[in-house]
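S.K.: Model the full assembly from the supplied sequences, consistent with the hints where possible.
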Amino acid sequence: MTIQAVQTRGGISARAAVLAYVVVCGLVLLLMMVFGLLMRLTQAQWIDIQPDLFYVIMTMHGAGMVGIAGLCGATVMWYFVRRHVPVTTGIFVANLVFFLIGALLILGSGFIGGFGAAWTFLFPLPAHSGDLWSANAAAAYMFGLLFIGVGFLLLHLDIARGILSVYGGLGAALGVKQAFGLAPESEGPPPAVAASTMALIVNILGILLGAAVLVITLVNLYVPSFAFNALAAKNMIFFFGHVFINATIYMAVIAVYEILPVYTHRAWKTNQAFYLAWVLSTVFVLIVYPHHLLMDFAMPTWALVLGQVVSWLSGLPVLLVTAFGALTNVYRSGIKWNTAAGLVFVGAAGWAIGVIPAIADGTIEVNSFMHNTQWVPGHFHTYLLLGTIAMFLGFLTHITPRSNNAWAPTGFWLYVVGGSIFVLAFLTAGAASVPRRYAVHLPSWLPYDRVGSIGAALVVVGVLILVVRFLVSVTSAAPEEAGA
Amino acid sequence: MNNNGRLLLIAGAWLILWLRPLRIALEGDMAVHMTVQVPLLIGLGLLLAVSIRGQEPHWLAEADWLGIPGIILVIFGTSFWMLPRALDSAVADPWFDAIKFLSLPLLVGLPLGLSWRRMPPLGRAFIWANFIPKLGAIGGLYLAAPTRLCAYYRLDQQATAGWTLIVIAVALGTLWFIAAFVGWPPQHAAARPPSRDTGSKPGPPLLALPPPYASSR
Ligand code: HEM
Ligand SMILES: [Cu+2]
Numbered sequence: 001m002t003i004q005a006v007q008t009r010g011g012i013s014a015r016a017a018v019l020a021y022v023v024v025c026g027l028v029l030l031l032m033m034v035f036g037l038l039m040r041l042t043q044a045q046w047i048d049i050q051p052d053l054f055y056v057i058m059t060m061h062g063a064g065m066v067g068i069a070g071l072c073g074a075t076v077m078w079y080f081v082r083r084h085v086p087v088t089t090g091i092f093v094a095n096l097v098f099f100l101i102g103a104l105l106i107l108g109s110g111f112i113g114g115f116g117a118a119w120t121f122l123f124p125l126p127a128h129s130g131d132l133w134s135a136n137a138a139a140a141y142m143f144g145l146l147f148i149g150v151g152f153l154l155l156h157l158d159i160a161r162g163i164l165s166v167y168g169g170l171g172a173a174l175g176v177k178q179a180f181g182l183a184p185e186s187e188g189p190p191p192a193v194a195a196s197t198m199a200l201i202v203n204i205l206g207i208l209l210g211a212a213v214l215v216i217t218l219v220n221l222y223v224p225s226f227a228f229n230a231l232a233a234k235n236m237i238f239f240f241g242h243v244f245i246n247a248t249i250y251m252a253v254i255a256v257y258e259i260l261p262v263y264t265h266r267a268w269k270t271n272q273a274f275y276l277a278w279v280l281s282t283v284f285v286l287i288v289y290p291h292h293l294l295m296d297f298a299m300p301t302w303a304l305v306l307g308q309v310v311s312w313l314s315g316l317p318v319l320l321v322t323a324f325g326a327l328t329n330v331y332r333s334g335i336k337w338n339t340a341a342g343l344v345f346v347g348a349a350g351w352a353i354g355v356i357p358a359i360a361d362g363t364i365e366v367n368s369f370m371h372n373t374q375w376v377p378g379h380f381h382t383y384l385l386l387g388t389i390a391m392f393l394g395f396l397t398h399i400t401p402r403s404n405n406a407w408a409p410t411g412f413w414l415y416v417v418g419g420s421i422f423v424l425a426f427l428t429a430g431a432a433s434v435p436r437r438y439a440v441h442l443p444s445w446l447p448y449d450r451v452g453s454i455g456a457a458l459v460v461v462g463v464l465i466l467v468v469r470f471l472v473s474v475t476s477a478a479p480e481e482a483g484a
Numbered sequence: 001m002n003n004n005g006r007l008l009l010i011a012g013a014w015l016i017l018w019l020r021p022l023r024i025a026l027e028g029d030m031a032v033h034m035t036v037q038v039p040l041l042i043g044l045g046l047l048l049a050v051s052i053r054g055q056e057p058h059w060l061a062e063a064d065w066l067g068i069p070g071i072i073l074v075i076f077g078t079s080f081w082m083l084p085r086a087l088d089s090a091v092a093d094p095w096f097d098a099i100k101f102l103s104l105p106l107l108v109g110l111p112l113g114l115s116w117r118r119m120p121p122l123g124r125a126f127i128w129a130n131f132i133p134k135l136g137a138i139g140g141l142y143l144a145a146p147t148r149l150c151a152y153y154r155l156d157q158q159a160t161a162g163w164t165l166i167v168i169a170v171a172l173g174t175l176w177f178i179a180a181f182v183g184w185p186p187q188h189a190a191a192r193p194p195s196r197d198t199g200s201k202p203g204p205p206l207l208a209l210p211p212p213y214a215s216s217r
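Sequence order for the protein chains is A and B.
Count the first sequence with the numbering used here and you get residues 1 to 484, in order.
Count the second sequence with the numbering used here and you get residues 1 to 217, in order.
Certain hints may be false.
Label pairs and their in silico Cβ distance ranges [unchecked claim]:
id, chain 1, residue 1, chain 2, residue 2, range
1, B, P21, A, F180, 50 to 56 angstroms
2, B, A179, A, K336, 46 to 52 angstroms
3, A, Q50, B, S79, 41 to 47 angstroms
4, A, V440, B, N130, 40 to 46 angstroms
These are computed hints drawn from the structure, not numbers from a lab.
If you're wondering where the values come from, they're calculated on a predicted model, not measured in any experiment.
Glycine included, C-beta positions come from ideal geometry on N, C-alpha and C.
M.R.: Below, the structure written as structure tokens:
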């Protein structure tokens, strides 16, 4: 391949690029988790942060976490998919550069410009700041998102190019024929290829719509009389946001397919059900986003009904084949558990468990009560923190040179136990009608916040251990490994 | 068709488009102006590129590295003629219209035809991915505009133009997606990796990356 020839002659090696990704992901994750902890401590009234700063932190935490979850997923996806299709290291690196520029713009918009309209930048809120932030600050945020979007667009297009060159069409790479029994299962694509195909299909569509609404928002910031239809804008934003955050899971789940088999010494089974699940989830993820608009009475009823019904089904196909596959892969395999295998297994479990309260919330009846309670951060932190991020940390531990293993189990248990406490505190508070996105909490809500803070602190320490362990062993292993 | 015949055809079509009755008919409606006349003029430039591709000076082909300079010219050209102001002036002033008639084939269609083949697949896909949402966003802005943006077009024409752009954007996006989904026969089908190969062989993973994909040759 000419591209690879160019890559090896000059430029950054694939190994260095993956390293850079993991380091950035680890550090940004930690920073964003500290932001989360600060919010929790504020709600618990153990520290004092003024509401305007709270909302800046909330915006930075939301945007930063969603972005970094995408980057974590991209790391896992690229690492494994490049074994099956030709990809360009330069583009992979370009995505990281775009991400860093975008992240700086976003952090600047918040901590310098005071932008605090939440990561969902709901139209036309960015233009109505009540003097808390300027149009320029809001624009910096929008440009930050655009940069990150361009990077991901390039990355997905490059992987698409590689996939098309080997499989001919995205349908074949998704295993559509296998899904409907039209071709033998044994000729289907490997899981990493099917998952990358799904992720690129949904994410490219999401980014295209997101870019359009960002441009419109930018114009509205400077020429407020351009009054785009707010409901249409909300639809586009949530299509983009829903798709992007879901795609993080579908990229990160490749870690489960690739890493568990290493320790169970059994290949991951890709059968007809597996392919059918990926095909169905591709469609569902795209059409389910109206569940974010269940409170918008102006939405056509059919769209809301669609959002509700598909919510019950959306994640399920891939979730079921993954959870079931993980169980059968592990069952009686004689696996010797270690931190990496444990984390990816927890990732599959956290995803499965987190979807249950999510489905409840996707039901119109329940949503009318739960929508603005901490039930919502409760369920999405379950499948993001204990799902996506657990899968990524499993990957990080998997590729950590095995030098100092002593700390890894400690990090693992702090993460899992702390994470469970943290999400349960959100969920129980939500069930008790504690609202989400409140900087100041009533005295009767404080117990939940305090328990949640303790859980969050344990998570931060756990991640710190895993990331520092990675950094230390990489720097000490670097000399011998350099030739690899 | 031989080359001279094609050049004659291009010149003839260009002149016909310039004929006053046809010009007025096509420019009378904003949507038709934007989505029929402008693409036709660009198309003439594309045809021209096919005719003169053989005679393209070597230095130009060299300078147009990966087609990037050419495509940037195209982006500026198309962006300019998407502005309501520019369209308005073209209707008002025949000289301005003449600039449009020259610039769209020569500064948009021609470089597009020459540079497109020099672009790597990723670059082409990236251009599509930028063009489609841009078209949609501009359509959306036409709908959102509080007033008439053009002196020569009514508000309802502006709205029609907005919807037309959005419909075209959606249609292009859908077609693009279908093409990629159905795809074309694999370039090196023989190189298809053994499936069911779930991957990482047991053993210490360390930081050594697994070997990348390589087409077996
Ligand atoms: C130690 C880990 C974490 C802590 C302590 C934490 C804490 C918080 C807190 C306190 C909130 C605001 C809750 C409220 O509305 O009252 C929040 C919101 C949020 N978090 Fe986290 N979080 C953590 C990890 C994560 C992860 C891993 C992700 C995603 C990958 C994430 C994504 C979000 C998002 C998207 C919001 C919504 C922001 C909004 O309402 O606009 N968080 N988090
Ligand atoms: Cu959603």
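S.K.: Does each hint hold? Answer for all of them.
M.R.: A quick look at each hint next to the structure:
{"no.": "1", "hint": "P21(B) with F180(A): 50 to 56 angstroms", "result": "holds, 55 angstroms"}
{"no.": "2", "hint": "A179(B) with K336(A): 46 to 52 angstroms", "result": "holds, 48 angstroms"}
{"no.": "3", "hint": "Q50(A) with S79(B): 41 to 47 angstroms", "result": "holds, 43 angstroms"}
{"no.": "4", "hint": "V440(A) with N130(B): 40 to 46 angstroms", "result": "holds, 44 angstroms"}
Consistency with the previously given hints is maintained throughout, with no hint failing.
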